[in-house]
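Read top to bottom, the protein sequences are chains B and P. According to numbering that gives the first Met the number 0, the first sequence is numbered sequentially starting from 0. According to numbering that gives the first Met the number 0, the second sequence is numbered sequentially starting from 0.
Since the hints were made in silico from the structure, they are not lab data. Predicted model, so just to flag it, every value in this text is computed and none were measured. The beta carbon of each residue, even a glycine, is placed where N, CA and C say it ideally should be. Treat the hints with care, since some could be wrong.
In silico negatives: residues of chain B with every beta carbon more than 10 angstroms from chain P [stated by the list, open to error]: (1) 14; (2) 39; (3) 63; (4) 80; (5) 99; (6) 113; (7) 139; (8) 144; (9) 171; (10) 182; (11) 243; (12) 261; (13) 266; (14) 307; (15) 309.
Pairs of lysine-lysine, BS3-like flavour, derived with a Cα cap of 25 angstroms [to be verified]: (16) B:135 x P:782; (17) P:710 x B:280; (18) B:84 x P:782; (19) P:710 x B:57; (20) B:135 x B:84; (21) B:135 x P:722.
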Amino acid sequence: MEYVNAPGRIYDIQGYAVHDGPGIRTTVYTKGCPLRCLWCHSPESQDYALQLGWLELKCLGAELCRDACLRACPEGAIRRTSPSKRMGTDELVEKIEIDRGKCSGCLRCAGECVTGALYTAGWDTTVDEVYARLMKDVDFFQNGGGVTISGGEAMAQFDFTLNLAKKLKDSGIHICLDTTGFAPAARFEEICPYVDLFLYDLKHMDSRMHQRLTGVPNEPILRNARLLAEKGAALQIRFPVIPKLNDGKENILATADFCASLGAAVRLVQLLPYHQAGRMKYERLGRPYRLKNVEPPSESFMEQALKVFQKRGLPAQIH
Amino acid sequence: MENFDYPISERIQGLKEKRKRINRDLRLNFERNRIITEYYKTHKNEYPILKRAGYLYTWLTTREVNIEDDDIFLGDAGPQCRTVHFDIEQTPISWIEGCFGDTDERFRAAWQVPGSVWVSDEDRAWILEAAKYWEDNSIAATAMGLMPEDFVAQRGGMMKSLNGSYPGHFCPGYERAVTVGFGECRRIAQEKLEAIRQNTTAENVRSELFYRAYIKVCDGMILMSKRYAQGCRDKAEATADPTRKAELLRMADSCDWIMEHPARTLWEGIQTMFFYQYLLIADGTHWADSPGLIDSFLGPLAEKDIAEGRLTREEAQELFDAFLLHIGDQIIMFPKPGNQQLIDAHKTGKTFFDLQGGMQNIAAGSLITVGGMKADGSGGDYNLATEMVLLSYLRLRVAEPSLALRINQFTPDRIWAIAIQCSIRSGGMPQFNNDDVIIKAMLDRGVPIEDARRYAVFGCVEPAISGKEWSMAANCGSFGAGSSLMNVLQYVIHGNKDPMSGREGELPCKKLYEYESFEELQAEFERQCRHYIDEMARMYHFAALVFETAWPVLSASMMTEGCLEKGKDVTWGGATYNGMGSMISAIATVGDSLYTIKKLCFEDKTVTTRELYDALCANWEGHELLRQRILNSLTHYGNDDEGPDSIVRWFTNLWVDYFNSRPGVNCGTNNCGALDLYWVMGGMFQWATPDGRKTGEALSISSDPRQDCVKNGPLAYVKSVSKMPWQKLRCGGAINVRFDANSVRGDDAVGKVRELISTYFRLGGIQFHFTVADTAVMREAQKHPEDYQDLIVRIAGFSAYFTHMSFADQENYIQRFELGV
Chain B
0 MEYVNAPGRI YDIQGYAVHD GPGIRTTVYT KGCPLRCLWC HSPESQDYAL
50 QLGWLELKCL GAELCRDACL RACPEGAIRR TSPSKRMGTD ELVEKIEIDR
100 GKCSGCLRCA GECVTGALYT AGWDTTVDEV YARLMKDVDF FQNGGGVTIS
150 GGEAMAQFDF TLNLAKKLKD SGIHICLDTT GFAPAARFEE ICPYVDLFLY
200 DLKHMDSRMH QRLTGVPNEP ILRNARLLAE KGAALQIRFP VIPKLNDGKE
250 NILATADFCA SLGAAVRLVQ LLPYHQAGRM KYERLGRPYR LKNVEPPSES
300 FMEQALKVFQ KRGLPAQIH
Chain P
0 MENFDYPISE RIQGLKEKRK RINRDLRLNF ERNRIITEYY KTHKNEYPIL
50 KRAGYLYTWL TTREVNIEDD DIFLGDAGPQ CRTVHFDIEQ TPISWIEGCF
100 GDTDERFRAA WQVPGSVWVS DEDRAWILEA AKYWEDNSIA ATAMGLMPED
150 FVAQRGGMMK SLNGSYPGHF CPGYERAVTV GFGECRRIAQ EKLEAIRQNT
200 TAENVRSELF YRAYIKVCDG MILMSKRYAQ GCRDKAEATA DPTRKAELLR
250 MADSCDWIME HPARTLWEGI QTMFFYQYLL IADGTHWADS PGLIDSFLGP
300 LAEKDIAEGR LTREEAQELF DAFLLHIGDQ IIMFPKPGNQ QLIDAHKTGK
350 TFFDLQGGMQ NIAAGSLITV GGMKADGSGG DYNLATEMVL LSYLRLRVAE
400 PSLALRINQF TPDRIWAIAI QCSIRSGGMP QFNNDDVIIK AMLDRGVPIE
450 DARRYAVFGC VEPAISGKEW SMAANCGSFG AGSSLMNVLQ YVIHGNKDPM
500 SGREGELPCK KLYEYESFEE LQAEFERQCR HYIDEMARMY HFAALVFETA
550 WPVLSASMMT EGCLEKGKDV TWGGATYNGM GSMISAIATV GDSLYTIKKL
600 CFEDKTVTTR ELYDALCANW EGHELLRQRI LNSLTHYGND DEGPDSIVRW
650 FTNLWVDYFN SRPGVNCGTN NCGALDLYWV MGGMFQWATP DGRKTGEALS
700 ISSDPRQDCV KNGPLAYVKS VSKMPWQKLR CGGAINVRFD ANSVRGDDAV
750 GKVRELISTY FRLGGIQFHF TVADTAVMRE AQKHPEDYQD LIVRIAGFSA
800 YFTHMSFADQ ENYIQRFELG V
């Protein structure tokens, strides 16, 4: 199959990604997303630009490396802080802090950091490179597993995603595409033959609310879902249940109705209860977490919501 | 997903509660030690195997018959339920004197307070006196009398304090005890004895003694069973409860029958196993004797009972539940705590049991194996007992005895599902064994295919032919140990010196900065390995001779195939198959260290060997940046990178091939494996290593990667470990994976874990162990241990209650790579 060794920008490749589709999967996470979901648990995926990450725990103090990061910074955005404990010891060391306002994102400091406390979130790569890495895990894919291309929004780096999918398909690898659905319809039409299963998010059925929660309207998302269903694609719908934001009765009913309207294309609906696992990542990137007062939904609530979907004959589960 | 957590009967719940109660009120087994001391003192000149038989017969016929009101299975190896066993003939005199020769005040504070293991004033006086006799008559005394001078000069002091120990680690024929019985075996022995008497030769003269001993123990076993029958009748008479009375009378009838005859029912089969186990424990607390493929002989009994209406399914399950709890009632004292340790523990509210419960000594180190393949290869060997044993573990949440499940193409989906759910709840129970690799490994040892298909696992991970092999794995008592990859690594770096102790090794060599090339260093490493393997393999022969000379293991010989047939004790080479196991460990510490030297000093040349040597000598003081570079920029073993992985394969092959090729004890095979139980403690005695490890820090675990350097995720971890030459590592070895709860969330979790294990097996892995424990949960358990008594984690070849582990071991466990999603 013809493919192009297109460049791509990713922020992780993860093996045993058991929540990203059937079987044992390795997931490629592309960088950059047009949405800004309030609950996003991977903030490092949102911007296309490479970002500076900061793991305070790993810093052994600026003294040890003779201010390597401070010296590397052309903007003077890094300075020593007052002494704090070095991990696993009682030793007090002066670690650093980053003035994110001054930081230009040149990432030179990360290049100098020997402990990995300052790091770059994301890297540039190519289809061939990623393919070679993924194929190391091929032994694990034999019984229903495979590769999931996720993001960010993988469809935003379409050349990369399409060509990676083509190349993997050629090797007989099962491919899931994890998408927000927010991309031009033509792209979905083009990639459809190379994707075995779309992991397709539905976040709110009311477009105005959708805009408020994610930054974009939902019309293209719903349209693309219908398009894929018509084209014979297999869909696994994922509905993140976020208390107070999209867990109203009306929205649950509307979501279930919409899923039912897609017919046999829907292989599974997964209701994903909100969790706070992503919170720490915001700190590392120096960004505020905006859902501070939202607690995960109760089990009984999730069970009720599940019933709404099951009543419509949809294969559904809480995950 | 089917919920297999069927309710536990009230009676079983009661037994479980009783265990907890007794754990605060334990007793040491002085009865057995009094009987053996008295017998050995008064029969000094009796031939060793006759002396052994005489002692065992005395024990069987005079020991207290204990039957408790709630017993589902009868008796114990000691006079009370959950007696703690130790053998005076292998207990260090220094420990006895340290504990019981201490001041009255300290003795009482250690041994006569609630929560300890009670030792009376009388027992105290007795043991101090008895120790004097054993000082010159112990196993260690025999060893000192025959070990080569160089060995004694080097390790004599250590040996004296260990005072030797029984070899343990074997898999005697429980199946024969249950399905053939001591009566039939006695008849065969009698026939053989008479045949020899007709024609005594130089070859068979010793066999006559063996058969005489054998018959005596058969008689003793049958008598003990009848004594229990009488005990049941006495109890029945005294009880007012008609149900219990009927049950006791049924038990009495069975006890009159079993031992002499094959078991007819499931209850009889299990009770026979217990009586035989009591004999094994009385013979010597052999570490880790394992009952083998129990489902294959208990399954038909259970199925018959149900088919013929003697038991309902629930009643059969209750018997398996009771079996599991009771086999865990056999406790071996290990380690042996000193007075100060006990006093300190009592101060913090810890019990003696807490100090014991972090190791696999509960259930006497037993390992039960279920599942497998029929001898003719026509299908899998899974039956109702396979399922019920697994269900007992799943529902009772106990960490002992250890459990192994054999996996092959015939393993039913339902067994997979129960087993994985069980291990999700109770870490590492069961461990999963790859029949494909292990059967091939057995063939490589020269075992015919029919027997190879009937292997069982004993000890931690060691496969042997169930009921037919004298395996003496690990290190043959405590005599054979002493060489390791770690020591060789240190010698090669520090010019034949262990920097921690300052002691010299046996082969002078260069220091790290003197090697011209990595190949030269590798050649030296190889030369050293071969030298220490030669020495170790040689010492194993002398270690085996210790037992051959004066310490026969008659209890094992009774039921191990080959002994009855040949008229030889297992220690004389009587078993059909013989093996000697030895484990390598700290694979990643050694592999990453060699790779660091190769990559930094000889390939990239960014660090000189002198710099690295100086950094090591300084324990990285003043070289932290270099250390950080090694930890953060270099690829370590466990990331599916051929750099370090190929080095690991190189020295593993080197060690395995050479050790396995040396002539084994009892004309059997040497069998190398990869396992460690003491990486935290072992690390305390090891100087800094080039992989970035500081002096005293824990070593890497068995064949697992350095846990803080797993950077490519779980699949790469599993794949790296799968590259080890497992078929040659035929003494077994564990990959031990820790998942967070999120990774096994969802309806499809069981299928995914199964696929991970299956893939590891397809890639050639031998055994797979996993635990599900979140860091957050373990932190909570440290704060509120009372709420986490059921939290079980997989340590190495065994599982432990997290709250019973030492703080250092807990911390080390928490630092394990958490397979999270």
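Can you name, in rising order, the numbers of the hints this structure does not satisfy? 1, 3, 6, 7, 8, 16 and 20
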